[in-house]
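*Asks:* One-letter residues, chain by chain:
Protein chains: 2
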Amino acid sequence: MIKMNDMEKVVEVIKERDNFVLGAHVGPDGDSLGGLIAMGSFLKQMDKKYCLSASDAKHVIPPQYKFLPGIDTIKESSECFEPEVFISLECPALDRLGVNNKLAEKAEILLNIDHHGDNANYGDVNWVEAKKSSICEMIYDMSKFLPVKLDKDIAQSLYVGILTDTGRFQYSNVRPDTFEAAKELLKFDLDTNAIFRDIYENRSYHSTVLLGEVIAKAVFHKNKGFAYSSITNEDFLLNNIGVGETEHFIDFLRAIKGVEIAAIFKEVSPKETKISLRSTNGYDVSKIAEKFGGGGHAAASGYTSHKPLKDAIDDLVGTVNNVRSS
Amino acid sequence: MIKMNDMEKVVEVIKERDNFVLGAHVGPDGDSLGGLIAMGSFLKQMDKKYCLSASDAKHVIPPQYKFLPGIDTIKESSECFEPEVFISLECPALDRLGVNNKLAEKAEILLNIDHHGDNANYGDVNWVEAKKSSICEMIYDMSKFLPVKLDKDIAQSLYVGILTDTGRFQYSNVRPDTFEAAKELLKFDLDTNAIFRDIYENRSYHSTVLLGEVIAKAVFHKNKGFAYSSITNEDFLLNNIGVGETEHFIDFLRAIKGVEIAAIFKEVSPKETKISLRSTNGYDVSKIAEKFGGGGHAAASGYTSHKPLKDAIDDLVGTVNNVRSS
Numbered sequence: 001m002i003k004m005n006d007m008e009k010v011v012e013v014i015k016e017r018d019n020f021v022l023g024a025h026v027g028p029d030g031d032s033l034g035g036l037i038a039m040g041s042f043l044k045q046m047d048k049k050y051c052l053s054a055s056d057a058k059h060v061i062p063p064q065y066k067f068l069p070g071i072d073t074i075k076e077s078s079e080c081f082e083p084e085v086f087i088s089l090e091c092p093a094l095d096r097l098g099v100n101n102k103l104a105e106k107a108e109i110l111l112n113i114d115h116h117g118d119n120a121n122y123g124d125v126n127w128v129e130a131k132k133s134s135i136c137e138m139i140y141d142m143s144k145f146l147p148v149k150l151d152k153d154i155a156q157s158l159y160v161g162i163l164t165d166t167g168r169f170q171y172s173n174v175r176p177d178t179f180e181a182a183k184e185l186l187k188f189d190l191d192t193n194a195i196f197r198d199i200y201e202n203r204s205y206h207s208t209v210l211l212g213e214v215i216a217k218a219v220f221h222k223n224k225g226f227a228y229s230s231i232t233n234e235d236f237l238l239n240n241i242g243v244g245e246t247e248h249f250i251d252f253l254r255a256i257k258g259v260e261i262a263a264i265f266k267e268v269s270p271k272e273t274k275i276s277l278r279s280t281n282g283y284d285v286s287k288i289a290e291k292f293g294g295g296g297h298a299a300a301s302g303y304t305s306h307k308p309l310k311d312a313i314d315d316l317v318g319t320v321n322n323v324r325s326s
Numbered sequence: 001m002i003k004m005n006d007m008e009k010v011v012e013v014i015k016e017r018d019n020f021v022l023g024a025h026v027g028p029d030g031d032s033l034g035g036l037i038a039m040g041s042f043l044k045q046m047d048k049k050y051c052l053s054a055s056d057a058k059h060v061i062p063p064q065y066k067f068l069p070g071i072d073t074i075k076e077s078s079e080c081f082e083p084e085v086f087i088s089l090e091c092p093a094l095d096r097l098g099v100n101n102k103l104a105e106k107a108e109i110l111l112n113i114d115h116h117g118d119n120a121n122y123g124d125v126n127w128v129e130a131k132k133s134s135i136c137e138m139i140y141d142m143s144k145f146l147p148v149k150l151d152k153d154i155a156q157s158l159y160v161g162i163l164t165d166t167g168r169f170q171y172s173n174v175r176p177d178t179f180e181a182a183k184e185l186l187k188f189d190l191d192t193n194a195i196f197r198d199i200y201e202n203r204s205y206h207s208t209v210l211l212g213e214v215i216a217k218a219v220f221h222k223n224k225g226f227a228y229s230s231i232t233n234e235d236f237l238l239n240n241i242g243v244g245e246t247e248h249f250i251d252f253l254r255a256i257k258g259v260e261i262a263a264i265f266k267e268v269s270p271k272e273t274k275i276s277l278r279s280t281n282g283y284d285v286s287k288i289a290e291k292f293g294g295g296g297h298a299a300a301s302g303y304t305s306h307k308p309l310k311d312a313i314d315d316l317v318g319t320v321n322n323v324r325s326s
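Chains as they are written, first to last, in this note's numbering: chain A, 1 to 326; chain B, 1 to 326.
Worth flagging that the hints you see were computed from the coordinates, not collected in a lab.
Keep in mind that the hints are not guaranteed to be accurate.
Copies of the same chain are indistinguishable here, so a pair counts whether it falls within one copy or spans any two.
Derived pair list, reagent style DSS-like, types lysine-lysine, alpha-carbon separation capped at 25 angstroms [to be verified]:
(1) K183 - K131
(2) K291 - K222
(3) K152 - K66
(4) K44 - K144
(5) K187 - K131
(6) K15 - K102
(7) K106 - K49
Only chain A is shown next, with the shape it has when bound in the complex (with noise of 0.2 angstroms):
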C-alpha cells in the first residue's frame, strides 16, 4: 500500500474496512485512553467490528480514568482479533504499542494517529498532527468526516484527553483549535468539576501524606538550579502506594522559585533506582538521562540505577555539579 499522509486518508480507510484493532500506547493516559473509547464508540455507530486494547490493558489502566464511561470495553491484546486495520494510538514508534505490536504487524492496513513531531511514520497511513494538543482534539476534528453523531459520553472521553494532555489548559500545546473543541465538547454539558475532581483529586490520604513528607524533605541546590527528593523503598511498603501514585510529586519541585533541573529518587529495591527528571526554562535533561542510559524528551526524561539510592543520589549530585558550572 502507498504511505499516505492525512485525517482524510484515515477517514477512507475506515469508511471502506470491516473490523479494527486500536492499540494505545504502553502505560496509557487520559488522551489514549480517552481516544480509544470515542474511536471505539464511533466504529460501534458505523457498525463495524471492533477490539480496543491497551496492551495488558486490565492492570495497567489508571485508577483516575476509570470513571470513563466505555472503559470496561477495553481488553488484553490476547483478547483482540487479527484484524484487517489496525489503529495505533498516540505511539510515537511501533514499540509504544506494546504487547499489540504483533497484531498490528498482522493487519492488512496500519493507521497511525499521533500528535507527536517525533513520530517515525511507521504507519500505511500516517496522520500526524504536530500542532494538536492531543490524538482526542485530532478525533474531535476527524468527527465531522465520519457518519456519526457525537454524545455526551464519546463528548467527556475527548475532552478528558485535551484536557489531561495539555495539563489543564497550562502547556505549550494549547491552542486557539484546542479552545474551539473544548468548547464544542463542552456543550454536551459535561460537568468539569466532577470530571477534574475524578483525575486530579481523590488522592489516598496515605499518598498525600507521602507526597507531604517527600516535599518537605527536598533538597535545594540553589546555585546549581537544582532540586530533589527521595522516596525510599520502606516508604511505598509502609503507605501500600504503587510506584504510579507517586508520578506527580515531581512537579512540586519543578515548580520551586529557581529551580531548573528537579529529580526524584525511587528506591525500587536495595539495587534498583529509578530516578525521573524534569526540567524548566528550557533545560535539557534528556542529556543527563543518556549520560546514565536513560532517555526521554528535553523537559521529562528518565533512568534506572542499579545502585542503592544514596550512591544513586551521589552519582546524580555529582553530574549536576559538573554539567551546571561549566
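Got chain A; can you put chain B on it based on the hints?
*Replies:* Below, chain B alone, put in the same frame as chain A:
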C-alpha cells in the same frame, strides 16, 4: 438616575462620560486585577481620564500577578481623584471596595460590574451576570461594543482573569462561552505555559517545604470525612512566609479521597488562630463558620478564633464530630 441593568448601559455611560475611577475588591485576585488593567487600557484608547485602584493597592497586589503589564499603574485610593463615574469590579457588596468605597459614594454614577449571583445591585447601573466565569469574560464580551482594539497585553490580562477565576478551567463556572473567549484571547499568541508558571509555580523553596510539612502532618477522621492540619506561628516566622502564601495549602486536604470537610488552622499569635474551611460534595461549611462568628460560601468559609491553636483545634473537631454524627 434610574436603575438600569445590563452591558449596553455600561457601554453607554463609558462612551458618554469623561472621567473614571475603577476599583477592585479588597484582596484583589487575578480576575479583578486583570479586569482593572484591561478596562484601563480601553479608557486610555478612548482618551478618557481614569485612575485604577485596588484599595490600598501597593501593599496588597499578590506577587504572582506582578508580571502583568500595567500592574504598576494601579494606585492607592488616596492617589485617585473624585470621579464622575466610579466602576466597581467584582464586588458583590459596596463594602468589598474597602477604602475606595468613599470615592464610589461621591461619584455621580456608580457602575457595578460583577459575576457573583449574590451581588447586592448597589450601583446606578448593575451589570451582573452570574453565568459568566469571571468579570474578565464579561469585559471581553463588552470590548466588542466599545471603540477599542484588543492587543496582546490586554488579551493576557483578560485571559489571566478567566484562568484564575475558573481554577484553570476546572470549576463548574466554565461554559462554552468561556472557552470561546479563551480561544479568541489566545489568538494574540499568549504564552500559556509562561502565564501558568508565573501564577501557579515559582513557589519559594521555604513555602514548598512548609507545604510538605503541613500536609505530611494532616489528620484524617475518615468516618467524619474530615481532614485538617495546622501552621504554627513559629512555622511562619522560621520560613519567613506570610499567611497569603499558604492560601492553597488547604486544597491538598480537600483533595483527599473521602474528605468532605477540610480545615487549616493558622496560628497568627498565641491568642489568635485563623481557620479556613473547604468542602466537597456540596457540604455547606459556611454553617460551621457561622457557629464561630465567621462566614463565607458553602464551599469555602472561614473564621477567627481568639484562643490558642490547640483549643481552636479542639473546638472545631468537637463541632464537626457533633454535626457529622447527626
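*Asks:* With identical chains, the pair K106 and K49 could be close in the same copy or across copies; at 25 angstroms between alpha carbons, which is it: within, between, both, or neither?
*Replies:* within (17 angstroms within a copy, 73 angstroms between copies)
*Asks:* For the identical chains here, do K152 and K66 meet the 25 angstroms Cα criterion within one copy, between copies, both, or neither?
*Replies:* Within one copy only: 17 angstroms inside a chain, 40 angstroms across chains, cut-off 25 angstroms.
*Asks:* My question is about K15 and K102: at a cut-off of 25 angstroms on alpha-carbon distance, are they close within one copy, between copies, both, or neither?
*Replies:* within (24 angstroms within a copy, 68 angstroms between copies)
*Asks:* Up to 25 angstroms between alpha-carbons, please classify K291 paired with K222: within, between, both or neither.
*Replies:* Result: close within a single copy only, 23 angstroms intra versus 46 angstroms inter.
*Asks:* Since the copies are identical, ignore which copy is meant and state whether K44 and K144 lie within 25 angstroms (CA to CA) inside a copy, between copies, both or neither.
*Replies:* within (16 angstroms within a copy, 44 angstroms between copies)
*Asks:* Are the CA atoms of K183 and K131 at most 25 angstroms apart within a copy, between copies, both, or neither?
*Replies:* Both. Shortest intra-copy (18 angstroms) and inter-copy (15 angstroms) distances satisfy the 25 angstroms Cα cut-off.
*Asks:* If the cut is 25 angstroms between Cα atoms, do K187 and K131 qualify within a copy, between copies, both or neither?
*Replies:* Both ways: K187 and K131 sit 24 angstroms apart in one copy and 14 angstroms across, limit 25 angstroms.
The structure is consistent with each of the numbered hints, conforming to all of them.
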